[in-house]
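Quick note, the sequences are listed as chains P and U, same order.
Be aware that the first sequence starts at 1, since it is given in the numbering used here, and climbs by one per residue.
Be aware that the second sequence starts at 1, since it is given in the numbering used here, and climbs by one per residue.
Be careful, since some hints might not be right.
Unchecked claim - Simulated restraints, written as ranges between beta carbons of each label pair:
| no. | chain 1 | residue 1 | chain 2 | residue 2 | range |
| --- | --- | --- | --- | --- | --- |
| 1 | P | Leu282 | U | Arg232 | 32 to 42 Å |
| 2 | P | Ile292 | U | Thr14 | 18 to 28 Å |
| 3 | P | Ile197 | U | Asn93 | 50 to 60 Å |
| 4 | P | Leu282 | U | Ile55 | 24 to 34 Å |
| 5 | P | Gly205 | U | Asn93 | 38 to 48 Å |
| 6 | U | Pro147 | P | Ile197 | 58 to 68 Å |
| 7 | P | Phe252 | U | Asp44 | 19 to 29 Å |
| 8 | U | Asp44 | P | Phe86 | 47 to 57 Å |
These are computed hints drawn from the structure, not numbers from a lab.
Quick reminder that beta carbons are idealized off the backbone N, C-alpha and C, glycines included.
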Amino acid sequence: MGTKLQGRRRSKSLFQKLSELNLLIIVVVIMIAGVGFALLYSVAGGAVDPWAKKQVIRFVLGMVGMVVIAMVDIRVWMFLAYPFYFLSLMMLVVVSITGQTGMGATRWIDLGFMNLQPSELMKIALIMALARYYHCLAKEETGQYMRLIMPIFLIGAPVILVLFQPDLGTALLIIIGGISILFCGGVRLWLFVIGFIAMIPAAFGAWNYMKLYQQKRVLTFLNPERDPLGAGYHSIQAKIAVGSGGVYGKGFVQGSQSQLNFLPEKHTDFIFTVLAEEFGLLGGLGLLGLYIILMGYALIISMSVRSQFGRLLSFGIAVTFFLYMFINIAMNLGMVPVVGVPLPLVSYGGSAMLTLLGGIGLVLCVAIHRDTTISRGGAFA
Amino acid sequence: MVNSPEDQKYQLFTRRAGLISAGMLVLTSGLIGRMYFLQVVGQDQYKLLADKNRISLRLLAPERGKILDRNGHSLAINRTDYRVNIIPEQADNVEETLEALNKFLPITERQKKRILRATRRQRAFLPVTVAENLDWETFARVNINIPDLPGIQPDMGITRYYPEKDLLAHIVGYVSSVNEREIGEDPLLELPGFKIGKNGMERILDIRLRGKAGNSRVEVNVMGRVIRELSRNDSVSGDTLNLTIDRDIQKFTADRVRDESAAVVVMDVHTGEILALTSTPAFDPNDFNLGISQKKYDVLLNDARKPLVNKTVQGEYPPGSTFKMIVALAALEAGIIKSDEKIFCNSKYQIGNSTKYCWKRKGHGHVNMVEAIAGSCDVYFYEVAGRVGIDKIHEMAARFGLGKKFGIDIPGERNGLNPSKGWKMATRGLRWQGGDTANVGIGQGDVLVTPLQLCVMTSRMVNGGKAVSPSILLSEKDSIAAVPEVIPYNRQNMKIILDGMDAVINKPIGVAYAQRMIKKDMSFGGKTGSAQVRRISKSERDKRVLKNEEKPWIERDHALFVGFGPLENPRYAISVIVEHGGGGAKKAAPIAKDVLEFMFTKDKV
Chain P
1 MGTKLQGRRR SKSLFQKLSE LNLLIIVVVI MIAGVGFALL YSVAGGAVDP WAKKQVIRFV
61 LGMVGMVVIA MVDIRVWMFL AYPFYFLSLM MLVVVSITGQ TGMGATRWID LGFMNLQPSE
121 LMKIALIMAL ARYYHCLAKE ETGQYMRLIM PIFLIGAPVI LVLFQPDLGT ALLIIIGGIS
181 ILFCGGVRLW LFVIGFIAMI PAAFGAWNYM KLYQQKRVLT FLNPERDPLG AGYHSIQAKI
241 AVGSGGVYGK GFVQGSQSQL NFLPEKHTDF IFTVLAEEFG LLGGLGLLGL YIILMGYALI
301 ISMSVRSQFG RLLSFGIAVT FFLYMFINIA MNLGMVPVVG VPLPLVSYGG SAMLTLLGGI
361 GLVLCVAIHR DTTISRGGAF A
Chain U
1 MVNSPEDQKY QLFTRRAGLI SAGMLVLTSG LIGRMYFLQV VGQDQYKLLA DKNRISLRLL
61 APERGKILDR NGHSLAINRT DYRVNIIPEQ ADNVEETLEA LNKFLPITER QKKRILRATR
121 RQRAFLPVTV AENLDWETFA RVNINIPDLP GIQPDMGITR YYPEKDLLAH IVGYVSSVNE
181 REIGEDPLLE LPGFKIGKNG MERILDIRLR GKAGNSRVEV NVMGRVIREL SRNDSVSGDT
241 LNLTIDRDIQ KFTADRVRDE SAAVVVMDVH TGEILALTST PAFDPNDFNL GISQKKYDVL
301 LNDARKPLVN KTVQGEYPPG STFKMIVALA ALEAGIIKSD EKIFCNSKYQ IGNSTKYCWK
361 RKGHGHVNMV EAIAGSCDVY FYEVAGRVGI DKIHEMAARF GLGKKFGIDI PGERNGLNPS
421 KGWKMATRGL RWQGGDTANV GIGQGDVLVT PLQLCVMTSR MVNGGKAVSP SILLSEKDSI
481 AAVPEVIPYN RQNMKIILDG MDAVINKPIG VAYAQRMIKK DMSFGGKTGS AQVRRISKSE
541 RDKRVLKNEE KPWIERDHAL FVGFGPLENP RYAISVIVEH GGGGAKKAAP IAKDVLEFMF
601 TKDKV
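Take these sequences, add in the hints, and give me the full structure.
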């Protein structure tokens with residue numbers, strides 16, 4: 001069959017691979033990050049310090065890493081999937097034991113030049129591991145219950161560790177991202193229906209497990225005016241910022257809510273409100289458009305790739321990216337409770353930036369190697 | 001075509017991934033819908049809320065108008081002072097902060113109570129004044145320790161200051177803090193430390209002096225700190241008031257009667273402008289301005305000489321013999337007596353079955369009108385008053401401004417009392433008696449006047465009959481002063497009265513001959529009066545009438561004098577009352593003489 005013959009071509013040269021990098025996607029990534037730089041400049045009152053400059057440096061490093069990741073043969077990534085997952089899991093364990101405590105949560109490993117959040121790495125590592133696992137299953141095997149034990153362990157271990165930190169947002173991201181791969185990998189449909197029904201009592205269980213500040217956040221989300229100067233303050237002020245931006249916004253560095261400090265966490269989790277306030281609905285839609293192009297690309301790639309590993313990897317990254325974006329913006333717009341999820345490539349922060357650029361690097365890698373066939377048996381078979 | 005297992009995997013993936021992609025698209029549309037809802041539908045509402053967050057409107061207090069004398073000397077001005085406010089919102093605990101502040105700036109329990117009450121009453125972000133008029137050292141000490149005093153705000157404010165102290169206390173009045181009942185629609189009154197007029201001109205012309213509040217729209221950050229000013233409407237200062245008072249004359253007059261309980265009014269006879277209006281003893285308005293202590297206030301309140309009362313307009317006294325000109329003029333105008341007709345005075349006058357006496361025990365003998373005025377013969381005026389009747393006397397008194405207030409811009413002005421038959425019937429239900437007329441004839445009995453009225457009366461006598469009204473505010477340059485109507489009296493008749501007043505001072509028969517002016521080109525005329533405070537009973541009169549010096553102070557006669565000067569073309573009128581001062585010639589006339597002499601000297605320079 002023709003398609004198989006194509007896949008048996010020699011490996012591409014480095015130059016070939018470079019020339020196959022999707023320039024549009026790279027431009028879109030730079031544009032999204034550029035929005036971030038501008039907003040970080042704005043919330044600093046029109047200054048590159050303390051945030052914008054650092055963010056640019058990280059981004060440039062991340063971009064180099066992204067291209068390098070894209071260049072590597074996809075079979076290498078498949079081979080590294082489990083070791084990488086294992087490494088990330090170990091780092092999560094380390095964080096749980098010795099990690100730095102900030103904002104009531106234990107999340108970081110201090111690498112000296114930056115604080116690394118293993119939970120961020122885990123998001124990619126989990127996708128890679130699950131993609132590999134389902135790549136190696138035969139069609140009949142995907143529906144077998146015994147074949148569910150491994151994925152549940154792969155998802156469950158980091159979730160439990162992350163919940164211990166406790167970081168509800170990341171746990172949610174990991175669970176939903178993982179399950180979406182299970183879904184597309186071929187797990188029986190009715191299991192998801194049952195799982196969804198089982199979520200309801202689980203939600204009550206989670207409520208009891210949540211820390212007081214998390215419970216407060218949920219309650220406040222349900223009724224922000226309950227405590228307008230306390231826990232509801234962030235929600236209300238964020239909505240005011242977004243709403244007062246109107247269609248065209250107040251202008252660059254002109255947002256009264258952000259410039260006068262009425263906004264909380266405006267350089268990290270609530271940076272979207274700054275965009276919405278200063279650039280209005282048009283600014284918000286513009287950024288959303290860039291995200292859609294990026295995610296759409298990853299989804300299209302995932303559907304045009306020869307290997308199941310590549311498909312699931314690209315798809316998983318698209319979903320993760322979407323979850324970041326959706327949860328963050330929905331939180332900024334007061335649609336979901338306040339959970340600590342950054343706006344991808346825009347919020348200030350190193351770990352998420354590296355994770356996401358690494359993820360996009362993998363998508364680009366998948367795109368370059370879309371015709372590479374990989375046997376079910378293993379990486380370099 | 002039979003699909004291979006790998007193709008089936010691919011198809012399953014594509015189906016399910018498509019499903020999830022669709023789900024993501026729906027969720028993304030949800031975000032867009034929400035953005036539309038907030039930023040398009042709700043934008044006006046949220047813009048308003050954002051502005052409410054960032055914009056704070058601050059009132060700018062206007063500068064209170066100054067009060068100056070006719071020559072531009074300051075009588076009430078504004079001075080910078082150092083004060084300390086507390087902003088309850090910024091203090092974690094107001095009481096604790098005050099406790100901490102106490103180390104640098106002593107706060108009494110009373111002050112503390114007042115501050116705590118004020119903090120409960122007004123909005124928490126409005127400052128409450130803790131202490132004012134601090135010296136620089138205390139102020140600096142508080143400033144240095146600000147980090148330990150949450151909510152404390154050092155401030156430089158403006159305080160009303162009365163440089164002449166007690167000199168014009170009754171006219172100018174004072175300002176003080178707004179009390180709860182006074183807070184009205186003017187938001188200025190809620191401004192911390194804002195003062196309004198509580199007495200005198202400060203009170204009745206408060207609105208003019210106050211000015212109009214300005215405002216400043218400022219952008220504030222989340223801490224309430226001002227970032228910048230967005231717009232500003234400057235406040236409009238209050239009007240500067242120029243009084244007709246001449247500070248120098250006022251000062252001389254006040255010093256002259258400082259130790260008496262007295263009232264002196266000096267007036268320009270042609271314009272009615274009051275040049276001096278003195279009531280002693282007085283008080284220092286600066287004390288009230290800063291909040292007077294209860295003890296100090298009690299002292300003022302319980303003083304028998306009534307320092308809080310403005311005797312010039314609030315004091316009602318029997319005019320005594322100063323009323324005789326009215327009776328004489330009424331008689332001449334009525335034609336019931338000729339000026340040269342002589343009436344015999346043997347010190348006694350029988351009316352009905354009661355006997356009335358002249359002040360002079362030996363009697364005056366035969367006196368005509370000029371002599372009767374000069375010697376202040378009571379018997380002459382019992383007789384003349386009886387002939388002319390109360391109706392004519394009442395009418396003449398009214399023409400000269402007695403019995404009715406002028407509506408001058410000084411609070412507390414009283415009517416006095418110009419009695420008539422109708423008045424007696426209405427108030428006491430009794431018919432007017434001949435004895436009543438006789439009493440009024442010598443300015444005793446029911447008739448009461450204020451020193452201001454006496455001065456106006458004198459002005460209208462010597463200015464050719466212009467019915468001038470007293471004024472305390474210098475009229476604006478271009479405003480045309482209303483021409484006063486002319487009192488219809490015969491000039492010849494008035495000349496006889498004025499001759500009598502001349503003789504009082506300048507003829508040996510005059511009771512105040514001792515007070516005539518010796519200095520060149522200086523002269524004045526006038527009329528003395530002694531108002532009995534207590535009726536002398538028959539038994540006392542039979543024994544011996546006590547001299548004033550022998551009576552307790554409170555029972556002594558009031559000493560009165562009305563005068564004018566110079567004799568030729570009079571310019572000034574003066575009225576003097578020394579409460580319980582004894583005889584008018586001895587006590588009141590010398591005061592008038594000194595004041596007029598001072599003014600003549602001043603005019604010459």
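Against the structure, the hints:
Our hint of 32 to 42 Å for P/Leu282 and U/Arg232 holds, since their Cβ atoms are close to 34 Å apart. About 20 Å separates the C-beta atoms of P/Ile292 and U/Thr14, a value consistent with the hinted range of 18 to 28 Å. At roughly 54 Å, the beta carbons of P/Ile197 and U/Asn93 sit within the given window of 50 to 60 Å. Evaluation of the 24 to 34 Å hint for P/Leu282 and U/Ile55 yields a pass: the beta carbon distance comes to about 25 Å.
Roughly 43 Å separates the CB atoms of P/Gly205 and U/Asn93, a value that falls within the hinted 38 to 48 Å. Between U/Pro147 and P/Ile197 the CB atoms are about 60 Å apart, so this pair conforms to the stated range of 58 to 68 Å. Take P/Phe252 and U/Asp44: their Cβ atoms lie about 22 Å apart, and the range 19 to 29 Å holds. As the Cβ distance of U/Asp44 to P/Phe86 is approximately 56 Å, the hint placing it in 47 to 57 Å holds.
Taken one by one, the earlier hints all hold for this structure without exception.
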